[in-house]
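Undergrad: Just so you know, the protein sequences line up as chains A and B, in that order.
Position one of the first sequence corresponds to residue 1 (the working numbering), numbered consecutively onward.
Position one of the second sequence corresponds to residue 1 (the working numbering), numbered consecutively onward.
These aren't lab readings, by the way, just hints derived from the structure by calculation.
Please note: incorrect hints may appear among the correct ones.
[Said to hold, decoys possible] Simulated DEER-style distance windows between Cβ atoms:
#1 95/B to 342/A: 24 to 32 Å
#2 106/B to 403/A: 46 to 54 Å
#3 335/A to 136/B: 32 to 40 Å
#4 355/A to 138/B: 43 to 51 Å
#5 342/A to 136/B: 21 to 29 Å
#6 397/A to 37/B: 48 to 56 Å
#7 88/B to 358/A: 42 to 50 Å
#8 148/A to 97/B: 51 to 59 Å
#9 259/A to 44/B: 38 to 46 Å
#10 95/B to 226/A: 30 to 38 Å
Ideal Cβ positions, reconstructed from N, Cα and C, are used throughout, including at glycine.
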Amino acid sequence: MAEKRIVLGNCGIVDPQDIGSYLKAGGFKAYEKARRMKPKAIVEEVKKSGLTGRGGAGFSCGLKWEMALNAKGGQKYLICNADEGEVGAFKDKYILSRDPFGLIEGMLIAGMAIGARLAYIYLRNEYHSLNSLLVSAIEQARAKGYLKETDIQVFEGAGAYVCGEESALMNSIEGQRGESRYKPPYPAYRGLWDMPTIINNVETLMNIPHIINKGSGWFSAMGKGRSKGSKVFSVSGDVSRPGVYELEMGSLLKELVVDLAGAAEIKAVQIGGATGNIIPGYMTDTPLSHETFLGSGAVVVFNSTRDIIDIVYSDMRFLNEESCGKCTPCREGTEVMLEILGRLRQGDGHERDINSLEELARVMAAASLCGLGQAAAVPVLDSLRYFYNEYIDRIGQSHFLRSYLGGEMAELKEGIR
Amino acid sequence: MSDKKKTTTGAEPAAGLLPGLKSEVGRKGYISGETMAAVAGQAGLPLNSVYGVASFYAYLPVSPVGKNVIKVCNCLPCDMKDVPAVVDGIRREIAIGPGQTTPDGKFTLELVSCIGACDQAPAMMINDKLYGDLTAEKIAGILKSY
Numbered sequence: 001m002a003e004k005r006i007v008l009g010n011c012g013i014v015d016p017q018d019i020g021s022y023l024k025a026g027g028f029k030a031y032e033k034a035r036r037m038k039p040k041a042i043v044e045e046v047k048k049s050g051l052t053g054r055g056g057a058g059f060s061c062g063l064k065w066e067m068a069l070n071a072k073g074g075q076k077y078l079i080c081n082a083d084e085g086e087v088g089a090f091k092d093k094y095i096l097s098r099d100p101f102g103l104i105e106g107m108l109i110a111g112m113a114i115g116a117r118l119a120y121i122y123l124r125n126e127y128h129s130l131n132s133l134l135v136s137a138i139e140q141a142r143a144k145g146y147l148k149e150t151d152i153q154v155f156e157g158a159g160a161y162v163c164g165e166e167s168a169l170m171n172s173i174e175g176q177r178g179e180s181r182y183k184p185p186y187p188a189y190r191g192l193w194d195m196p197t198i199i200n201n202v203e204t205l206m207n208i209p210h211i212i213n214k215g216s217g218w219f220s221a222m223g224k225g226r227s228k229g230s231k232v233f234s235v236s237g238d239v240s241r242p243g244v245y246e247l248e249m250g251s252l253l254k255e256l257v258v259d260l261a262g263a264a265e266i267k268a269v270q271i272g273g274a275t276g277n278i279i280p281g282y283m284t285d286t287p288l289s290h291e292t293f294l295g296s297g298a299v300v301v302f303n304s305t306r307d308i309i310d311i312v313y314s315d316m317r318f319l320n321e322e323s324c325g326k327c328t329p330c331r332e333g334t335e336v337m338l339e340i341l342g343r344l345r346q347g348d349g350h351e352r353d354i355n356s357l358e359e360l361a362r363v364m365a366a367a368s369l370c371g372l373g374q375a376a377a378v379p380v381l382d383s384l385r386y387f388y389n390e391y392i393d394r395i396g397q398s399h400f401l402r403s404y405l406g407g408e409m410a411e412l413k414e415g416i417r
Numbered sequence: 001m002s003d004k005k006k007t008t009t010g011a012e013p014a015a016g017l018l019p020g021l022k023s024e025v026g027r028k029g030y031i032s033g034e035t036m037a038a039v040a041g042q043a044g045l046p047l048n049s050v051y052g053v054a055s056f057y058a059y060l061p062v063s064p065v066g067k068n069v070i071k072v073c074n075c076l077p078c079d080m081k082d083v084p085a086v087v088d089g090i091r092r093e094i095a096i097g098p099g100q101t102t103p104d105g106k107f108t109l110e111l112v113s114c115i116g117a118c119d120q121a122p123a124m125m126i127n128d129k130l131y132g133d134l135t136a137e138k139i140a141g142i143l144k145s146y
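One chain only, chain A, in its complex shape:
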């Protein structure tokens, strides 16, 4: 299947430094149209479209907006989450660098819908080079008079993956450690500075002008089940054409990784970054949607030369480093899992390690404060499900190594029995 470029429609077409080229391409028509609509009507249209959050959680965008619209608070805020820190994710960078005006238009419509006078683009520190481009785009939009209802400011992070989690992100803007908050209250009721706040991913907001221009029916006709519209993916790893691709929701994984990105001899694919599902190569007929696998759209492909335990270890090293440390299951769980996976990797594993990993995974999923800890064990559990033999092999090798290196013969016998 060919690409379906909606969100990316203007990328490479308009000049990201010149609002004139965006206007020529039909830019800000949706903004003008939305200005003639009541906030409630905008929210209704987005709700009917079935647009869901593109950052990974997949919550209904319209429902979230409705909460904020109806929430009581002196000041309401909109935040565009451009803290794209997920391992393997670079789609938002692609969008921000090529179509900043599309994002601004989406943000202005969102601002009108929920009644936000001030909106932030929370830009990750690593994308500092895009800061001036975004500021210039905002200033050009201001000069054209588009920022009357909602002002937009760029707020730059300082290097913390967890700040992509919405409550940690708000703490970061408030000048605090980027630690997650307890929920509820949800940000739509009490968010930034305890005011009603909507946090949307870059890609989610990019869809808004299209929905307003072409209508919710046009949008909801695309996709499958409750996954409507298109999805932008960033593909890397063992592929000949790594890059950013947009497909209709429900497209098959093989259309993305084989047809578009050029993967061959696929052993496994990880979908959704370091906390994403790892699925084996024979499952590439799976459709990509909220109901199956999607996450933020970060896709990493592994060919037959790759070692699954190495992959899971690398994921865990990242999550352990980036855990904010506030809640115990995540802080300590990622630490212990890293220790176990590290031993397995180096050929010092035991049968009991598998039980420990599974037990830890249950506690972390149930008791962690935010998505980082809750999902940290997903790749571990998936690798145990689909590549169990690799763990068993590694444990067998570990026994051999220990005995060969002189000692623990008893344990080898235990292992054989």
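Model the placement of chain B on the given structure of chain A, informed by the hints.
TA: Only chain B this time, still in chain A's reference frame:
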């Protein structure tokens, strides 16, 4: 239940802390104890709040770093394209490993979390500039340009 104490709008003492600390890093490369004390005094915050924030974020160093900070991405897609070879390539040129600074204070080398250049793996940043598809020869040329 909320774990936040206050419910005012925009007037919290910590507002503006992050941009302030970031611009200090832009000026001096790191945030010294004196700076933290001064910032804390001005904002009416305890020193440990400022230290707590500064030490939380990867790009707010609280001890001196080299003039140019080399950040080699150490996450999965880059790791698959041989990060140790990149680190060795840098070591050959400027004789430092991760976490070290050259004696002349010109470079600091760090291993960092995903920098969003997975399509150009292996990749690194020097200060705010991105370098992708690294090879040993490329690394030598890049470092010489600093």
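Undergrad: Kindly indicate which numbered hints from before are broken by the structure, ordering the numbers from low to high.
TA: Numbers 7, 9 and 10, in rising order.
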